[in-house]
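Student: Residues per chain are reported as follows:
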Amino acid sequence: MIENSFNRRDFLKVLGWGGTAVALSGCGNTSVEDGKEFVTSYSEPADYEIPSIGVYFNSTCAQCDAGCNIMGRVREGRVLKLEGNAGSSINRGKMCGLGQAGVQAHYNPDRVREPLLRNGNKGETLTWEKALSLINEKLGGVKGEEVAFLTGGISGHAKVLLNNYLEVLGSKNHYAYEAVSPGVVRAANKKAYGVEMPRLHLDKARVVVSFGADFLGAWVSPVHFSMQYGQFRKGSRPEGRGVLVQIEPKMTLTGANADHWIPIRPGTEGILALGIINALGASVPADAAAVAKDYTAERVSKDTGVPAEQVGKLAALLKERSPSLVLAGGAAEGYAHGSQNAAAIALLNQVLGNVGKTIDASDTLQFTQIAPTTGSRASLQVLNDSMAQGKVKVLFSYGANPVYTAPASMKLVENLQKVPFKVTFAHYLDETALQADLVLPLDSALEDWGTSVPEYLVDAQLSIQQPLMEKLYPNTRGIGDILLALLKQRRAEDYKAYEDFYSYLRGAMVQNKAALGGAVADDDSFWNATLSSGIVKLPSAAGSILAKVSAAAIVLPAPAAEDASYPLHLIPAVSASMRDGRHANLSWLQESPDPLTTIVWDSWVELHPKTAAKLGIVEGDILEVTSRSGSIKAQAYVFPGIHPDAISVPLGYGHEAMGRYAKGVGANVFKMLDPVMDKETGELAINETRVKVSKTGQRVIVVKDEGAAGGKQMGRKIAVKLSADEVDLSEEV
Amino acid sequence: MSLSNLLENWSQFRHEHPNNDKPHEEYKWAMSIDLDACTGCNTCSVACYAENNLPVVGKEKFAHGQAMHWIRIERYWDEDDREFADQGAQFLPMMCQQCEAAPCETVCPVGATNHTADGLNSQIYNRCIGSRYCSANCPFKVRYFNWYNYPTTENVWPEPMQQQLNPDLTVRTKGVMEKCTFCVQRLYSAKNNARTEGRLVHDGEVQTACQQACPTNAISFGNLVDPQSKVAKQWEQQKVELAKDKQLKDAEEGGTDLRGYRILEELRPYPSVMYLERVRESAI
Amino acid sequence: MGKDIREDIAWAQINTDVLKSLESPRRLFWVIIGVAIAMIGVAVGCEIYQYQNGMGVANMDNPHVWGLYIATFIFWIGMSHSGTLLSAILHLMHADWRKPIYRFAEAMTTFSLMTAGLFVAVHLGRVWQIYYAIPYPNERWVWPNFQSPLLWDAMAIFTYLSSSVLFLYVGMIPDLAIVRDNIHPGWRKKLYTLLSLGWEGTDRQWRNFRITYLTVACFLIPLAVSVHSIVASDFAMSQQPGWHITSFPPYFVAGALYSGCAAIITLFIILRYVFKFEEYMTLSILKKTTRLTFAIAMVWTYLNLIEYATVWYGHDQVAKDLLIQKAIGPYAPFWWSMNFCGSIVPFLMAFKRFQTSIPVMFAVSLLLNLGMWLERWMIVAPTFSHGYYPWTWDHDQWPSFVQWGIVFGSFGWFTLLFMVFCKVFPSVSMYEVKEMVYHRTLALKKDGLATKGAH
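Chains as they are written, first to last, in the working numbering: chain A, 2 to 734; chain B, 137 to 420; chain C, 8 to 462.
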């Protein structure tokens, strides 16, 4: 590694141009002779740049909202590979597969390269000047409240500019939308603990009981929790080796790693939580005991399907091994009573005395304007209603693909037609961009400047995002630059000092350098140090968490009645690579086998062997899964990690646009979700959809990595496991 | 091209397996993978694709078994007819075990695969004529053949994706066998840098791509000859010896308390990868 | 039990009969040549497609890295043992009945080896660099890897091919002289004049000839055994289940002799009919060939059962699983067919009634060869589909049309070579047949004198 204490921009100016100009075809199809390649000699090579030696720059990963800090290896002006930033308290130098695929998002062949204006069914290219002036024109005739801005979760200085812009327009209509978000749990946490996303310390727990929180896979901050999990499992730590119990109707990646995986009837997680509180007996505070008093082991067993003695065992385990940590995840919260489920689970944590030990509050930021605005599903509902009533005249969208992720019952496309002018800032021509009137191409995350604050705060930090190479395409722009240009249309005077977003960012940071730990340094040193480390500590105050038991009226409904015409529960699964489908066009992720089924390049329907036998289904049968709101077709996969009353289909497949690797791969299960909402937060209850399954008569061979033996070792000692009581882990290295 | 040259090469590269006659001197690269920490997330696999210019073959070719993942994550279930997989699944990252007595090395007709002085099983792409005997002989089936010419196949590296390719190693053409190399390009750089400074590579100074990316730190990699390296300490603590096909500890009292083992050890390839058995607490 | 040959065939008659086969071919010949070329065309087309696109079009994958190419390669090598068996081994055993038939058998050997060589090329991923396997002086100072059984194969097969060509050629010299002396002037007379090396049939020449022929025969027999043992060691030297069996070398040699003999019967029947060689390729000889084939079939069956028994009673559970898998898994129909064709069908040859029945023996010989081809395939493929590592088991991969096309075309190639041979060179050894007739006459005279003497 070479120390990078130099002028960033000069480096890029000299190198990047040369780097992108040398078109490395890698396959010999072009040559210097035929004019398709040319060799550029550096007339003024920068003295830190040595061909064949990689230089590393820090930035921030934009593949999910965990916001891990990354380090890009750059050679000859091209970013080649991403690693984790070792100085980050989020990921400590580690990455996940999704993060690794960030380079593919950057080099993706299907990125939008030019601004496009709709003409019938086509998009015609136009210049940025024309595009921006068109926006100005369209905004001229509308009132502030008729403008809406749809984004995903957003934070940092881009958020500041966005808020400024909306203020300038006189609009309060910022809709932060995430199709897959722990919205219900956040709301329940706020009620129970006083903080939306408390800080979790798995590495300090002796036992973790997770109600469907896939913290190793796709929940909140998987790399961070995986790191903690690595510590958690070490037998040599003072607490000894931790044990994990996962309770969920469909096995997630985390569930596959559990010491005990408990399949539970879908929706009854809250009942089990109260049952455990009941089984804890005398040590439980009075109001909690009151709430849990009717939830005897027998009743809980009847409702949830978990054997009565198991409930007792869980209680004993939690009592004996303290501190513990209880988590509520997507499986628990995706119901109309999801908030109640989450509240019961939070209550369990408090009753066990975990608050302050394994669960505490993260710091609160002083600079609230850059703090993250989290996305939720409910906000899309509000926007949809507005559009349906014709109240939205201009819609901007950025970082969201609701046309793909919204359930068909919302009739989103219909409502979008009612908006006269739609602008999408996009990387790909995805389903939402295809509905827009104007598509403006974005810089990739590896080409852009920015800052972000992670939604899950380990330490109060501001992550720096800096370009790892020159832009691949001259006509893409960063969101910060676009917002700045839009602001300058309205408030030229206020923003004339800022030539571009970079100078705005630098200015904003340098202005506050005293608060950001750079009091003594001069501006340039401070800025260079900031860029070099990629992470800035933010001034913050210690957060506080409610430790007192707040057993607000938790009312759990009885387990859902059986529905004869739609007998099975549909659990839409969030996989670590596909998530809400935004990365379906990254070929590494499509080719990376799903860890549990090893299936690639397609969707599937997971069924328990009993369910499959009852319906006469074998692996590979193409099934039609029908709900009241829609249907999909996908291949069957018989799977021992699912409740017999449920089936599971992964989210993120079935794109109709977006690119060559995403289009036509699999089926889109978002569309067929029933419009059932969580009663308290209005979040879409994604696990409430009931379905029926029928064979279409077609059968395929499932494309997967496992061979004909499936998951069997045939008695050959390949993957060996032993029981905890047979091994002494305390001496391990 | 003389006979003496042949005999000299022969004695250098073909020697008694496992190489007790010529122990590794400066470096012997080895790995240790903790199956209890491995969560099966597949990060190592994607990182390997990024680092080593692996082609994405697409659905049809994957269906034909022609995938190119040098490190693959296997997933096993418990096999006692339980109704549910209530102790989860078992994940196992499997890559070239860099066997000391590799079954693949002896059978290549042109000598494209050999054992290096630092204990790696080398694969020399430009010597390979594609007879695939090495893969036929590999008990782990961790060798991957280029069934098509991926650099010129559509949608494998469509413009500008070819700019992501790592120039430190080749992009293989059709007809050539490839496999995990323990990121030999990184090892080479690290050894050169160390040599320039007149020292050996420190533990942790060089990391394989999979090790570097793994979020739970399940993969340890390093120099087995260096007693201070983490991997050497792990092998020693687990009492797994490189040059034995039956570990002494398995015959000893209490030997099964230790978690370290190697896969298909009884076939005597003497793999350089040790796995630590997964632990499950059954009582809960 | 008829006599192997009539004793009253005039030597001139022998010349005429055999030389007639060298005349301008009838229409059917050209038709068959056309078909053979068409078959070769299919193979060439498939190979070009494979060469351009990569081995993947053959439907090979991980773990099925070898397919029909290796199986058919071994099949053709096996077939090549026919000539050696008949020519060399039976020569040493003084089995005179081989004399009318060994010529085409040796030709079969040579052409089988040439066909097998093609499969080595077709099978390689980078066939344009096949020369790396040759120990030629190069600036990298790199030798091929002499530890590799594939390289032993290369060396053994080259040696065997060159020795067989030599053997075939040397044995033909007196016959080439006969043709030279009897053919009309033209390019052919020039060819035979050149090839017969000035053979005059002097006593000295005959004596030298006998010694040379005997020497090459003695050399060729261990070579043949070693070649197929080496080919067997491609598998036996590997650890893979289903391959790591010490009885493989003799098993393969037995199988080779078996398929060679079966092919001899097939070609015997064809040539006998086409060239009207009934006087020479008599039913008595057919019967002897058939009985020899039956004996070899039983040897092969024995070794086959030994293989199953050692696996069944052994400790290697992996190999046992594989054996069971062969019997009940996706390859089961082929495996059972192989056992049927290889072990049950030859019993037809135990019945005198069928031993000289042309249609039955023709069908039987084809079935035996089918069985032997299936045997090679069943050695190669199931091991890959069901090896040591269950995660990599693949029960769904089957060879694509490319592999079948090339295998199919190889039979066309062999046919083409063989048919051209039969028209350019005498496919029955005239001088040996004359010797046979002579010995028969002598034997009869001795009998006659004996009877006379007895009275």
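Wrong hints could be hidden among the right ones.
Distance condition first, Cα-Cα at most 25 Å in a straight line; then the derived SDA-like pairs of lysine to any residue [what the hints assert, rightly or not]:
id, chain 1, residue 1, chain 2, residue 2
1, A, Lys-718, B, Lys-195
2, B, Lys-382, C, Lys-327
3, B, Lys-195, B, Asn-262
4, C, Lys-196, C, Asp-401
5, B, Lys-382, C, His-251
6, B, Lys-382, C, Gly-321
7, A, Lys-722, B, Glu-219
8, A, Lys-722, B, Lys-195
Label pairs and their in silico Cβ distance ranges [as the list claims (entries may be wrong)]:
id, chain 1, residue 1, chain 2, residue 2, range
9, B, Leu-336, A, Asp-729, 14 to 20 Å
10, C, Ile-277, A, Asp-35, 27 to 33 Å
11, B, Asn-141, C, Met-100, 53 to 59 Å
Note that these hints are calculated values from the structure, not bench results. Owing to the predicted nature of the structure, the values given are computational and were not obtained by experimental measurement. Backbone N, C-alpha and C define an ideal beta-carbon position, used for all residues, glycine too.
Student: Each hint: holds or not?
Tutor: Consistency of the hints with the structure:
1. Lys-718/A / Lys-195/B: 31 Å, violated
2. Lys-382/B / Lys-327/C: Holds, because 23 Å separates the two Cα atoms, which is no more than 25 Å.
3. Lys-195/B / Asn-262/B: 28 Å, violated
4. Lys-196/C / Asp-401/C: Roughly 58 Å between the alpha carbons, so the hint for Lys-196/C and Asp-401/C is violated.
5. Lys-382/B / His-251/C: Holds - the C-alpha atoms of His-251/C and Lys-382/B are around 21 Å apart, at most 25 Å.
6. Lys-382/B / Gly-321/C: 20 Å, holds
7. Lys-722/A / Glu-219/B: 19 Å, holds
8. Lys-722/A / Lys-195/B: It is violated: about 33 Å lies between the C-alpha atoms, which goes past 25 Å.
9. Leu-336/B / Asp-729/A: 14 to 20 Å: 33 Å, violated
10. Ile-277/C / Asp-35/A: 27 to 33 Å: 57 Å, violated
11. Asn-141/B / Met-100/C: 53 to 59 Å: For Asn-141/B and Met-100/C the Cβ distance comes to about 46 Å; the hint is violated.
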